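S.K.: Now for the letters of each chain:
There are 2 protein chains.
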Amino acid sequence: MTASRRAALKGIDAVTVRAIQDSAGRIHERVRRRAKPEMQFPVRALSNVRYDNKEGFFEIGRSKKVRSLSVNTVKTFAQTLRMMVLSKELVETNDFATKRDAYYQSKNWDEARFDEQTESDAVMDDIEAMCSVRGVSREQLRFIPDEHGGAVAGELIVHDADLETGKEEHIDCTRFGSGAYSIPSLTEHLRFETKAKFILCIETGGMFQRLQSHKYWKKVDCILISMAGVPTRATRRFVRRLADQCKIPVFAFVDCDPYGISNIYRTLKVGSGNAAHINQFFCVPQASFLGVTPQDIIDYKLPTHPLKDVDIKRAKDAIKNDPFFQIHKEWAKAMEALLKMGVRAEQQALAKWGLNYVIEKYLPAKLKHPENFLP
Amino acid sequence: MTASRRAALKGIDAVTVRAIQDSAGRIHERVRRRAKPEMQFPVRALSNVRYDNKEGFFEIGRSKKVRSLSVNTVKTFAQTLRMMVLSKELVETNDFATKRDAYYQSKNWDEARFDEQTESDAVMDDIEAMCSVRGVSREQLRFIPDEHGGAVAGELIVHDADLETGKEEHIDCTRFGSGAYSIPSLTEHLRFETKAKFILCIETGGMFQRLQSHKYWKKVDCILISMAGVPTRATRRFVRRLADQCKIPVFAFVDCDPYGISNIYRTLKVGSGNAAHINQFFCVPQASFLGVTPQDIIDYKLPTHPLKDVDIKRAKDAIKNDPFFQIHKEWAKAMEALLKMGVRAEQQALAKWGLNYVIEKYLPAKLKHPENFLP
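These protein sequences, in sequence, are chains C and D.
Numbering follows the working numbering, with no gaps: position 331 of the first sequence is 331.
Numbering follows the working numbering, with no gaps: position 45 of the second sequence is 1045.
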């Protein structure tokens, strides 16, 4: 690890520890003054969300809830403090814990132990929300998700430092054969080296495997990412940091249905409504929508399925209530077109014209006009 | 790619093509003789399964169903033949298709097109079962699953050949920092180079990340595999081929509950009951069960949860109906002990004693006595 890298890492960790110490310090100060200690958390609910197109993500509003120490809150209060101590220890020992690890760790906290993991998850969410207003993410607090990361292939070298020795590995994502690089749970410490022109985020594992096995990334100089449905936190953060650091655009290639558009793509780009306090870390504002678009269904004569009731409900909800679709009129129009057509199409529907039609015709035609991608 | 490698690959593909040609040839022969053409498939049902401890997997029995050409079967008959043609083309062009790809390909088969993917899936299952009696797997037919593969880290070099150029990549799984190697959908063409003493298959992504980030594989000379729940076909096949080729044992490290034992572990080791025609390819008979065992719950004073109704039902079913538990008395006893204790424990419950207790105490103690692992 280079000295500047070590300094930078220290910098992130220093901010995290300071955020914890400040919160704890305020409580300590009130106790010292014999005032009732309290903690403040931003309210995590759709009602406390705003979407600013310039910022590029769903942002949490200013509503706060206050937890004062009382007979009723004493246990949660103590648990929150213990959880903050755990986070500080994790940063200091350069380690990490899953939600589940944290729950089991508490079994040694005597009376402050959690009885159910739902309780410890809620406390962790509170701390995450509290620290998010200082720009500190859950991953910086060293709490990691217990989900598989996406797969990566293409023109990218990832720099990763050994947890214990600090020695740096350079991981060349062109060298995985038909396999791929699997994104770790914690991506804050990664650095990137690439000459790729764009990042292509792909919904299905099958399509990713096709593009990867045929080394499509070599033909067009890009990085392929398999999202496997709604991308996990680790995948979103990885794409965001990669796109930020290397200043390259992100194109999404998903199914043409309300789920692919409003859940997968919208979550990738601006985040989700009920986790607004974390969107600043996980959104990918530089993303745009390559396809499959409603217009593609017509242009490419794709085989379709009728929209299900749940699709129709999701599309109508998005048009009516989702700030993302209200701000981007093109998207509201596209959704309305889809509703009118009454059908949906999967990205693999392109296989009707040949298994590698997607490589030989569809993607080249699309990539000639990125200015036409939906926002 | 070496000449011997090219020859071997050709060998596998030659067997596949011959299996398809023979089946088609028998039909053609009957047509030529003006007899009614028919196809034979093994019956895929629990009633047609047997478990031989020596063979090491659930094997399909001898019951067959016959599909004769008639007005009622003509469409399925034609579809089955077209699907066999597709498979042959995939082998010949060194390509592959997901179930979904195959469904969409059929949209160009005029009257033989499938209306629903469930129909094309069923035909693919039939062909798979038909070819399985000749030792040819679905992956050899070049139909790949559309699921994410498991993650791999540790003392292993994977040899993979480029689909188009045949150039071989050597993928060193010790060099991925906190990330990992993501297993491709198709693993038949991979070769392995390792001095590892064993393969450790891990249920949760969180535990895998802990062992990987702390480079546990270096301490004990092993290969870590993240199964992320019930292992996918690609993961099972990868472990099986790796263990066969390198002659090393496989240890499973999963939650101590009826799901972890009878679904995850039992599926890994002997396969599943309702897909008996494929178990010969996907089972890992050399697997044994490191933990978490019911006895571990007592020995390590692990925090537990009460068994849910579904757990109790699953455990009772296993003891009563599952040939695996009937043959392995130790397993029936362990399941009964769990039922009597009325609790289950997750592998991350070890975190009660410290996040890295699993690395420092639990695994070293266990690995001293692999002879005590459950079969």
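Everything labelled a hint here was simulated from the structure, so no lab data went into it.
Fair warning: this is a prediction, and the values are worked out from it, not measured in the lab.
Watch out, some of these pointers could steer you wrong.
With a cut-off of at most 30 Å between alpha-carbon atoms, the simulated DSS-like pairs for lysine-lysine come out as follows [as the list claims (entries may be wrong)]:
hint: 1; chain 1: C; residue 1: Lys361; chain 2: D; residue 2: Lys1088
hint: 2; chain 1: D; residue 1: Lys1366; chain 2: C; residue 2: Lys107
hint: 3; chain 1: C; residue 1: Lys333; chain 2: C; residue 2: Lys316
hint: 4; chain 1: C; residue 1: Lys308; chain 2: D; residue 2: Lys1099
hint: 5; chain 1: C; residue 1: Lys301; chain 2: D; residue 2: Lys1368
hint: 6; chain 1: D; residue 1: Lys1088; chain 2: C; residue 2: Lys167
hint: 7; chain 1: C; residue 1: Lys107; chain 2: D; residue 2: Lys1167
hint: 8; chain 1: C; residue 1: Lys99; chain 2: D; residue 2: Lys1195
hint: 9; chain 1: D; residue 1: Lys1167; chain 2: C; residue 2: Lys361
S.K.: Take the C-alpha atoms of lysine 308/C and lysine 1099/D, compute the straight-line distance between them, and say whether it is at most 30 Å.
M.R.: Holds, because 21 Å separates the two Cα atoms, which is no more than 30 Å.
S.K.: Hinted pair, alpha-carbon criterion (30 Å max): lysine 301/C, lysine 1368/D. Please report holds or violated.
M.R.: violated (62 Å)
S.K.: Please verify whether lysine 1088/D and lysine 167/C have alpha carbons no more than 30 Å apart.
M.R.: violated (48 Å)
S.K.: Run the distance test for lysine 99/C versus lysine 1195/D: straight-line Cα separation, threshold 30 Å.
M.R.: violated (35 Å)
S.K.: Given the hint that lysine 1366/D pairs with lysine 107/C, does the C-alpha gap stay at or below 30 Å?
M.R.: holds (23 Å)
S.K.: Could you grab the alpha-carbon distance between lysine 361/C and lysine 1088/D and see if it respects the 30 Å cut-off?
M.R.: Status holds; Cα separation ~24 Å.
S.K.: Hinted pair, alpha-carbon criterion (30 Å max): lysine 1167/D, lysine 361/C. Please report holds or violated.
M.R.: holds (26 Å)
S.K.: Keeping to a limit of 30 Å between CA atoms, is the pair of lysine 107/C and lysine 1167/D held or broken?
M.R.: violated (53 Å)
S.K.: Please verify whether lysine 333/C and lysine 316/C have alpha carbons no more than 30 Å apart.
M.R.: holds (12 Å)
Checked against the numbered hints above, the structure breaks hints 5, 6, 7, 8 and satisfies the rest.
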